[in-house]
Amino acid sequence: MIQLDKVTRVWHEFAIRDVTLQVNEGEYLVIVGPTGAGKTLLLELLLGIHHPDTGRILIDGADVTGLPPEKRGIGMVYQDYLLFPHLDVSRNLAFGLRYRRCSGEDARRRVREVAELLGISSLLHRYPYTLSGGEKQRVAIGRALVTEPRILLLDEPLSALDRGTASRLRNELKLLHAAKKLTVVHVTHDLSEARQMGGPIALVKDGRLDAFGPADDLLRRPPTVFAANFFGAVNLYKAEVQKTEGGMRVAAGPVAAECGFMEGAPYLMVHPDEVVVLPPSTGGANRLRGEVTALTDEGNYVAVQLRVAGLPAPLTAYVSRHFVRSQMLALGSDVTADVERAIHILRE
Amino acid sequence: MNGARQKQSAPRERHQRLDGRPFSPYSWLLVFIPFFAVFLCLNLYWLAGAVLATAAVWATWRRRSTTRGTAPLAVFSVAGGLLIFFIVLPIVNLLFTTEPSRIVRTALDPAVRSAIFITLSAACIATVISLLFGVPLGYLLARERFAGKAVVEGIVDMPVVIPHTIAGIALLFVFGRAGILGAPLKARLDIQLSDSYWGIVLAMLFVGLPFVVNHCRDGFLKVDPRMEYVARSLGATRLGAFFRVTIPLTWRALLSGAILTWARAISEFGSVAIIAYYPKTINTLLFEWYNFFGYTYTKPLATLLLLIALAIFIGLRAIAAPKRVEH
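Chains R and C are the protein sequences, given in the same order.
First residue of the first sequence? That's 1 in this note's numbering, and the numbers climb one at a time after it.
First residue of the second sequence? That's 1001 in this note's numbering, and the numbers climb one at a time after it.
Simulated restraints on C-beta separations:
(1) 293(R) / 1222(C): 52 to 58 Å
(2) 1184(C) / 61(R): 53 to 59 Å
(3) 1163(C) / 103(R): 52 to 58 Å
Don't read these hints as lab results, they were simulated from the structure.
Virtual Cβ for every residue (Gly too), placed ideally from N, Cα, C.
Only chain R is shown next, with the shape it has when bound in the complex (with noise of 0.2 Å):
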């Protein structure tokens, strides 16, 4: 178990500031965040490359907030490889044994389990100069491996590689951290990379944790705007807070919904799948009456833009094909669309 406890760091032009997270045995962290975030400086206050000028890191329970990466047992991964360009890739996986005070025939047999279960055990003998991308990038993880860290740390490790490689090795990254149960904390700045992993999502926005939370919440339900606008929310309204009766509501024109406390300007989001779209009627809260302005298809669903009065950007619905062509929906076509359920409010 990983636990930061209020880390500040300041390094040049980046920063961490303020970071309070937990990483429990055996799950896989994503961090994502725009680049210059400050996730790489994130990893390396966990490998310990750098040390925070406050706060604390406890791994396990145990205080290593100044304890050197040589004296953490913690794996590292990085995108572009880094392998020992002078070793070859037999003498790159053995590389941190001696400091385990593993040598000779217990060394050789650690050196080929790993090898065989990346699947590059005929590479054994050459120079990394002269393996692909994803190659190197098994060489690397292997390498970390070979000490059996019980934390890896994953700095876009699929960056550099194409597409279908990386997805390969992303498979393969899920079945290692089963098998080993192995607590990951993997950086990218790949938004599906990031939901297909599955693990909890942590979003960092200069320096400071934006969001945390389980990966469908979290994509589901963002807690910010800039959270919403990371994971490609597609109705985001700037919303007034107004004072009723029962407590308070937050409205963008048509669209209102009741709230308890909020924070900070409101917003309000909603889920262009979770919208119902009806034929022409009036009334009723939250039903909105709108002019179909674009019809996009989107392969497996059909984008419907529609023009509604009062709200201050076009609102996007997802409808069915055979919705499209049953409804006989087509540009300028009158509806009504119903939106009870798909409001989401969060904050500035």
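With chain R fixed as given, assemble chain C onto it according to the hints.
Frame of chain R, contents of chain C only:
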């Protein structure tokens, strides 16, 4: 369009070697070098220069299949050829016009042999010391950002720009018999640096240090610091990562820095002559012979020293030449 491209690529295929790699277009220069040497031996210097210039133009012309706009390149080649001629002519002239028997006789002179030994060994010691102190400084300059780094880098380059006689005088005021460090060293420990072997080492070290420091820094800059991070994540200490990863990847840069330092050290005369005229180095000896006996007498000694320097320089360069491997 397609036909034109085929036409362009056709001459290239003629330059394929058996292993598939293309000949260097400048390998044509090899054809001209024997002519060049023959003309030099016959004292036909103007003909030798003409041959070299022709070779340069010829090599440029061979490249025309891949490079457009050959005219400026031809001008550059002639300019470059003249420059090479300017360097090669005095050296080759000295080598080819000295009688070998006189070189051998000079080499057997005990004064010469002692001077050669003193120069080479002092240069080696200066190089080793400069490595011991220069490698850590080069590493710091490559890896860390700190206040006043530009100042430190400027200071490192200073021995290159200070005239060496001035360096000698400055060193004398510090390490000389009455110098601010030399006087207490003499009084307390009875160590005298001026006019001693160690004075020579000192002067060589002073003028040679910048090359080691700068080459080390440039070499370390080419190794990604994250390579060291990975090594440390695998259990290596900072020093362990340095010796198992960084040094194996930079030893060529360190060696070429050391070669330059060493070459600078054996050629140093100005500061050595001021801080330690005795014992005599090859340069002091050469200077003295030239003053007392004139330049024809000095010629075999100069040729001998040139041969030694060239042999060592070429040998070390061959070791330090980068392997053709992409990292």
